[in-house]
Amino acid sequence: AQTVTQSQPEMSVQEAETVTLSCTYDTSENNYYLFWYKQPPSRQMILVIRQEAYKQQNATENRFSVNFQKAAKSFSLKISDSQLGDTAMYFCAFMNWDMRFGAGTRLTVKP
Amino acid sequence: ETGVTQSPTHLIKTRGQQVTLRCSSQSGHNTVSWYQQALGQGPQFIFQYYREEENGRGNFPPRFSGLQFPNYSSELNVNALELDDSALYLCASSFDGTRVNEQFFGPGTRLTVL
Chain A
883 AQTVTQSQPE MSVQEAETVT LSCTYDTSEN NYYLFWYKQP PSRQMILVIR
933 QEAYKQQNAT ENRFSVNFQK AAKSFSLKIS DSQLGDTAMY FCAFMNWDMR
983 FGAGTRLTVK P
Chain B
46 ETGVTQSPTH LIKTRGQQVT LRCSSQSGHN TVSWYQQALG QGPQFIFQYY
96 REEENGRGNF PPRFSGLQFP NYSSELNVNA LELDDSALYL CASSFDGTRV
146 NEQFFGPGTR LTVL
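Line by line, the protein sequences are chains A and B. To convert, take the position in the first sequence, counting from 1, and add 882; that gives my numbering. To convert, take the position in the second sequence, counting from 1, and add 45; that gives my numbering.
Please note that the accuracy of each hint is not assured.
[Said to hold, decoys possible] Selected chain A positions facing chain B (in silico; Cβ < 7 Å):
#: 1; residue: SER894
#: 2; residue: ARG925
#: 3; residue: PHE983
#: 4; residue: GLY984
[As the list claims (entries may be wrong)] In silico negatives: residues of chain A with every beta carbon more than 10 Å from chain B:
#: 5; residue: TYR907
#: 6; residue: GLN926
#: 7; residue: ARG945
[What the hints assert, rightly or not] The following label-pair restraints were derived from C-beta to C-beta distances:
#: 8; chain 1: B; residue 1: LEU128; chain 2: A; residue 2: ASP908; range: 25 to 33 Å
#: 9; chain 1: A; residue 1: MET893; chain 2: B; residue 2: THR65; range: 36 to 44 Å
#: 10; chain 1: A; residue 1: SER894; chain 2: B; residue 2: GLN63; range: 41 to 49 Å
#: 11; chain 1: B; residue 1: GLU147; chain 2: A; residue 2: GLY967; range: 42 to 50 Å
#: 12; chain 1: B; residue 1: ASN124; chain 2: A; residue 2: GLU899; range: 43 to 51 Å
#: 13; chain 1: B; residue 1: ASN104; chain 2: A; residue 2: ALA898; range: 36 to 44 Å
#: 14; chain 1: A; residue 1: ASN949; chain 2: B; residue 2: SER52; range: 37 to 45 Å
#: 15; chain 1: A; residue 1: GLY967; chain 2: B; residue 2: SER52; range: 20 to 28 Å
Don't read these hints as lab results, they were simulated from the structure. Backbone N, C-alpha and C fix where the C-beta goes; we use that ideal spot for every residue, glycine too.
Sequences and hints are given; from them, build the entire structure.
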């Protein structure tokens with residue numbers, strides 16, 4: 883069974899600095915997709931970034947980038963130039979057939 | 046805003062009752078997935094509907110059931126409510142149900158079972 887582990891329940895970062903959120907997963911599949919979702923206090927899950935496992939190049943979306951290490955089954959999220967609006971729960975998710983989420987990391991951006 | 050809406054926002058029920066939660070998918074999306082998110086945890090996949098038929102199911106008992114309608118709205122029904130059913134229920138719509146397509150989440154329904 884596929885499992886997703888986020889080992890950092892809470893993190894904080896100063897505004898304008900960089901922070902990295904960790905995620906590891908376990909699967910025997912070769913083809914799958916990985917996602918980072920953001921869930922602000924409003925509760926609506928918002929897709930931050932996604933990575934196809936067959937692509938070696940790390941995905942980038944503006945201030946958000948990932949470090950995808952397929953052999954190590956690691957998928958970390960780097961947020962550059964952190965903004966106050968980045969404060970939220972961040973969930974790592976794995977998708978082969980159904981979507982499996984980690985337990986989340988609560989990120990607080992401090993002014 | 047993703048264009049996915051859910052109703053009601055909050056709901057309180059007592060143990061043993063039945064509940065129906067509703068989701069309106071984003072326009073043009075023919076697939077809807079439902080998730081249960083317990084407090085302090087990540088969402089767990091309940092099931093997915095594609096073109097009005099169940100297209101996959103997670104590890105949830107049969108008292109969790111669903112419907113999808115031709116207009117792509119959908120319902121999650123839970124019978125014989127238990128205290129552990131208290132959670133945020135999220136629906137997510139996508140096009141075609143394939144892994145390549147992004148899921149757009151609604152704001153959720155907070156269910157409390159007393």
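Verify the CB-CB distance for ASN949 (chain A) and SER52 (chain B) against the hinted window 37 to 45 Å. Roughly 40 Å apart at Cβ, these two residues keep to the hinted range, so it holds.
Next item on the list: Verify the interface restraint on GLY984 (chain A): the C-beta must sit less than 7 Å from at least one C-beta of chain B.
Entry: holds, 5 Å
ask   = Does the Cβ-Cβ separation between ASN124 (chain B) and GLU899 (chain A) fall within 43 to 51 Å?
value = holds, 49 Å
| said: Checking a non-interface call: every C-beta of chain B should be farther than 10 Å from the C-beta of GLN926 (chain A). Is that right? | reply: violated, 5 Å
Practice prompt. Closer than 7 Å between Cβ atoms is the bar; does ARG925 (chain A) clear it against chain B? Give me holds or violated.
Written response: Where the cut-off is 7 Å and the nearest Cβ of chain B is about 5 Å from ARG925 (chain A), the hint holds.
| query | Hint check: is the beta carbon of SER894 (chain A) less than 7 Å from a beta carbon of chain B? | reply | Violated, because the Cβ-Cβ distance from SER894 (chain A) to chain B comes to roughly 18 Å (cut-off 7 Å).
Kindly confirm whether 36 to 44 Å is satisfied by the beta carbon distance between MET893 (chain A) and THR65 (chain B). holds, 38 Å
Mind checking the hinted window 36 to 44 Å against the Cβ distance between ASN104 (chain B) and ALA898 (chain A)? holds, 43 Å
| task | Mind checking the hinted window 42 to 50 Å against the Cβ distance between GLU147 (chain B) and GLY967 (chain A)? | result | violated, 21 Å
ARG945 (chain A): least C-beta distance to chain B exceeds 10 Å?
holds, 19 Å
_Supplied distance hint 25 to 33 Å, evaluated on CB atoms of LEU128 (chain B) and ASP908 (chain A)_ = With a Cβ separation near 31 Å, LEU128 (chain B) and ASP908 (chain A) satisfy 25 to 33 Å, so the hint holds.
- Message: Range first: 20 to 28 Å. Now tell me if the beta carbons of GLY967 (chain A) and SER52 (chain B) are that far apart.
- Response: holds, 27 Å
Violated hints, in rising order: 1, 6 and 11; the structure is consistent with all others.
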